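Student: Sequence:
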Amino acid sequence: MSCVALQNISMEYEVKEGLFTALRDVNIDIQEGEFVSILGQTGCGKSTLLKLISGILQPSRGTIRIRDKSLQEAKNDRSFGFVFQDPVLLPWQSALQNVMLPLEVVNYPKDQREPRARQLLEWVGLRDFAGYRPWEMSGGMRQRVSIARALAFDPPIILMDEPFSALDESTRASLHADLLRLWEQGKKTIVFVTHSISEAVYLSDRVVVMGARPGRVKHIVDIDLPRPRSIELTEHPEYLSYVRFLRGMLEEQREA
Numbered sequence: 001m002s003c004v005a006l007q008n009i010s011m012e013y014e015v016k017e018g019l020f021t022a023l024r025d026v027n028i029d030i031q032e033g034e035f036v037s038i039l040g041q042t043g044c045g046k047s048t049l050l051k052l053i054s055g056i057l058q059p060s061r062g063t064i065r066i067r068d069k070s071l072q073e074a075k076n077d078r079s080f081g082f083v084f085q086d087p088v089l090l091p092w093q094s095a096l097q098n099v100m101l102p103l104e105v106v107n108y109p110k111d112q113r114e115p116r117a118r119q120l121l122e123w124v125g126l127r128d129f130a131g132y133r134p135w136e137m138s139g140g141m142r143q144r145v146s147i148a149r150a151l152a153f154d155p156p157i158i159l160m161d162e163p164f165s166a167l168d169e170s171t172r173a174s175l176h177a178d179l180l181r182l183w184e185q186g187k188k189t190i191v192f193v194t195h196s197i198s199e200a201v202y203l204s205d206r207v208v209v210m211g212a213r214p215g216r217v218k219h220i221v222d223i224d225l226p227r228p229r230s231i232e233l234t235e236h237p238e239y240l241s242y243v244r245f246l247r248g249m250l251e252e253q254r255e256a
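Just so we're aligned: 163 in our numbering is position 163 of the sequence shown, and the numbers increase by one with no gaps anywhere.
Treat the hints with care, since some could be wrong.
[To be verified] Derived pair list, reagent style DSBU-like, types lysine-lysine, alpha-carbon separation capped at 35 Å: (1) K51 with K69; (2) K51 with K75; (3) K218 with K51; (4) K16 with K75; (5) K187 with K218; (6) K75 with K187.
None of these hints come from the bench; they were simulated from the model. The structure presented is a predicted model; accordingly, all values stated were derived computationally and were not measured.
Required output: the full structure, derived from the provided sequences and hints.
Tutor: Written as structure tokens, this is what we have:
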């Protein structure tokens with residue numbers, strides 16, 4: 001079943017110099033339960049694309065269907081959880097309170113909010129940190145809280161905008177493992193924006209390679225690697241072959 005369908009999507013902005021085209025004629029069809037990464041250089045419109053899918057922005061042209069519904073219907077159905085590069089947690093609230101916040105917004109049954117939030121914190125490995133404020137936690141822990149918050153009301157689609165780019169390599173690897181475990185258990189549809197080739201290959205079923213100025217789909221690459229995936233996969237010849245292949249694609253665009 002098609003989960004996220006973008007047809008001939010273009011996005012234009014009025015700027016001082018005139019009309020700026022951020023995206024042009026983007027066509028992507030993401031299936032239910034897929035993990036799809038959007039890969040490209042800075043300025044290719046990756047984050048804009050994610051905001052269009054979520055309904056934060058409206059396209060200048062084209063149509064977006066979410067599970068065969070309009071964007072407005074999908075928003076009304078609470079179809080999206082969003083994880084940003086910056087966790088954007090409320091600093092005066094605990095991890096537990098931050099995860100409970102979207103449950104309050106959507107009028108989740110009051111007596112079920114705290115048990116649900118505690119369950120999610122345990123799921124992301126933070127059971128013992130429910131009372132910690134964001135400033136008392138590491139960057140990786142804050143991002144785990146952000147992921148738990150995005151899952152709070154159990155949306156079918158998770159949109160992630162470079163969520164691990166600011167983290168060190170060890171923390172990033174740990175969060176990759178957590179994310180894949182959560183995805184395999186919950187079978188959410190995940191759309192993951194990144195500029196990291198290795199991250200895209202390791203996580204994804206398919207990688208959408210974007211070209212820049214204006215942003216457009218250049219290639220869609222199937223990642224035919226076994227699941228479940230572990231860190232040992234990154235030493236596998238097939239994994240390294242995908243990394244080299246995608247790197248070559250991006251380098252060609254940079255030289256063009």
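Student: Check each numbered hint from earlier against the structure, then list the numbers of those it violates in ascending order.
Tutor: none
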